[in-house]
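Line by line, the protein sequences are chains A and B. Mapped onto the UniProt record's numbering, the consecutive letters of the first sequence carry residue numbers 1 to 256. Mapped onto the UniProt record's numbering, the consecutive letters of the second sequence carry residue numbers 1 to 278.
Each hint should be verified, as a subset may be incorrect.
Each pair of labels, with its calculated beta carbon distance range [as the list claims (entries may be wrong)]:
id	chain 1	residue 1	chain 2	residue 2	range
1	B	I235	A	N218	29 to 37 Å
2	B	R229	A	D211	44 to 52 Å
3	A	E243	B	K39	54 to 62 Å
4	B	K150	A	I205	35 to 43 Å
If you are wondering where the hints come from, they were derived from the structure by calculation, not from laboratory data. Idealized CB from N, CA, C, for every residue including glycine.
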Amino acid sequence: MTKKTAYDKVQAARHPSKITADNLISALFEDFIELHGDRHNKDDEAIKAGIGTLNHQPVTIIATQKGTDTKENIDRHFGSPEPQGYRKALRLMKEAERFNRPIITFVNTPGAYPGVDAEYNGQGDAIAQCLIEGAQLSVPYLSVIYGEGGSGGALALACGDQVWMFENSTYSVLSPEGYAAILWKDAKLVEQASEDLKLTPEQLIKEEIIDKIVPEVNDITSAKKLQKLLTAEIDKLQALSTEDLLNQRKQRFRKF
Amino acid sequence: MTQNNLFQSPTPEQLTERMDHIPSNTMMACPYCQTKFFKTQLDEFRQCPECHYGFRLLAHDRIKLLCDSFEETEKDLAPSATDFPDEKYQNKIKQAKANTGLNESVLTGIAKIADQDLALGVMDPYFIMGSLGSQTGEKITRLFELATKKKLPVVLFTASGGARMQERIFSLMQMAKVSRAVSEHKKAGLFYLTVLTDPTTGGVTASFAMQGNITMAEPHALIGFAGQRVIEQTIHQKAPKDFQRAETLMKNGFVDLITPRDKQKEVIAKLLRWHQAK
Ligand SMILES: [Zn+2]
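Let's have the full structure, built from the sequences with the hints guiding it.
Quick look at the structure:
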């Protein structure tokens with residue numbers, strides 16, 4: 001097998017065969033009840049969230065999701081959350097904290113949705129609140145980037161104790177297309193941009209941006225493997241006092 | 001002039017000197033209301049005489065207009081040449097330093113405004129568009145940490161084109177790092193005022209610009225998350241006029257008040273007095 005280039009990873013992360021949030025949730029959690037809405041004016045379908053059980057323990061699950069057909073993709077803006085999506089996520093994270101439930105997020109988004117209504121509804125504010133509140137959540141908060149980790153829209157749901165990435169996933173400050181367009185005024189230089197951005201899990205773990213690379217989930221065996229890793233990590237984080245947990249989270253981000 | 005600095009931008013001092021040599025009958029146009037006026041009609045605050053739009057300001061100039069005293073902190077923090085050796089980027093930094101008299105896109109320090117002590121940060125739109133570099137984030141983080149330690153309020157003037165792409169994912173991480181420092185300051189019960197100036201966009205809007213206890217903006221400042229061009233490409237139509245202006249954000253509930261520069265000192269002093277730490 002030839003070594004994958006950064007752009008190969010970009011394409012693999014975006015591939016239509018990538019596991020969906022629905023399948024990922026049902027493969028990893030024995031039980032799941034979906035919960036809807038931001039309690040202000042909308043339920044954003046780009047984010048699927050609720051409570052499920054991991055190794056029979058309740059956890060709050062928040063996943064960005066793309067669609068599997070045109071209609072779903074339009075409803076979900078191809079996995080790009082609107083402000084209401086981030087507010088739904090934050091509402092449920094605060095609920096998790098209230099009932100001492102760990103939080104696991106699954107991220108696969110090109111970025112927060114760029115639209116006029118999204119601006120009117122305070123896209124910047126919605127992400128900013130996820131970041132400031134996420135810093136102080138007193139429960140274990142673990143994130144798995146399972147496809148595209150695009151910009152602030154991904155970071156909003158990945159500012160906790162651990163950030164893991166699937167083998168075929170990416171995480172970057174902006175898309176390679178955007179990078180190429182801005183720096184070289186040529187979106188076609190996307191392969192070079194992918195290299196320069198160092199957006200692969202292998203490069204990001206070297207720079208300590210992420211903590212672990214986990215295999216793709218595509219069958220029962222791989223699902224069981226991730227389930228075990230998640231359970232072990234949650235156990236480890238739950239054994240810490242709140243003070244130690246928050247201190248460790250502080251150190252994680254302070255070093256950047 | 002030596003061969004070496006032939007292509008460098010002028011320093012702030014040189015710029016001021018040149019401005020003074022511009023004949024007073026030179027016409028200027030307001031980028032917001034398009035009104036044309038003589039350079040002499042521009043007040044010391046560099047505001048449009050018609051609509052009070054604030055022309056972009058060097059951070060050092062803003063400090064002079066606002067503070068009774070100012071002691072700079074972390075002056076030497078600058079973008080790393082070893083972490084980001086790209087020659088084009090390093091040249092940009094050199095140029096930005098010369099243009100602004102700063103080593104990074106934010107000026108931080110301990111200030112006094114009308115007898116009130118505060119930690120003050122001012123982003124400079126002339127330093128690579130006020131983009132969020134690693135050391136920009138570090139300076140703001142240290143400002144909040146210092147303020148938390150000294151029990152001081154923080155006032156932060158934002159001006160930013162967003163993330164600094166040349167610093168890749170490290171630029172993105174600054175949003176989380178600064179947010180954490182803001183959260184500690186908040187937990188300590190201290191007051192944080194943001195003043196959003198033209199332009200405040202991208203990752204800065206999606207983090208510390210929107211985390212203040214009170215959010216002030218300058219008249220007609222462009223404030224938003226996504227760029228207008230990106231939005232128009234996504235929705236395949238033109239965005240409405242002024243959809244990302246301060247007045248629109250206030251109407252939609254994301255800005256507390258809009259204050260022109262000539263009134264800012266008075267209003268900021270009052271807000272600081274009303275939020276004194278117990
Ligand atoms: Zn005007």
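Numbered hints the structure breaks, given as an ascending list: Hint check: 2 fails alone, others pass.
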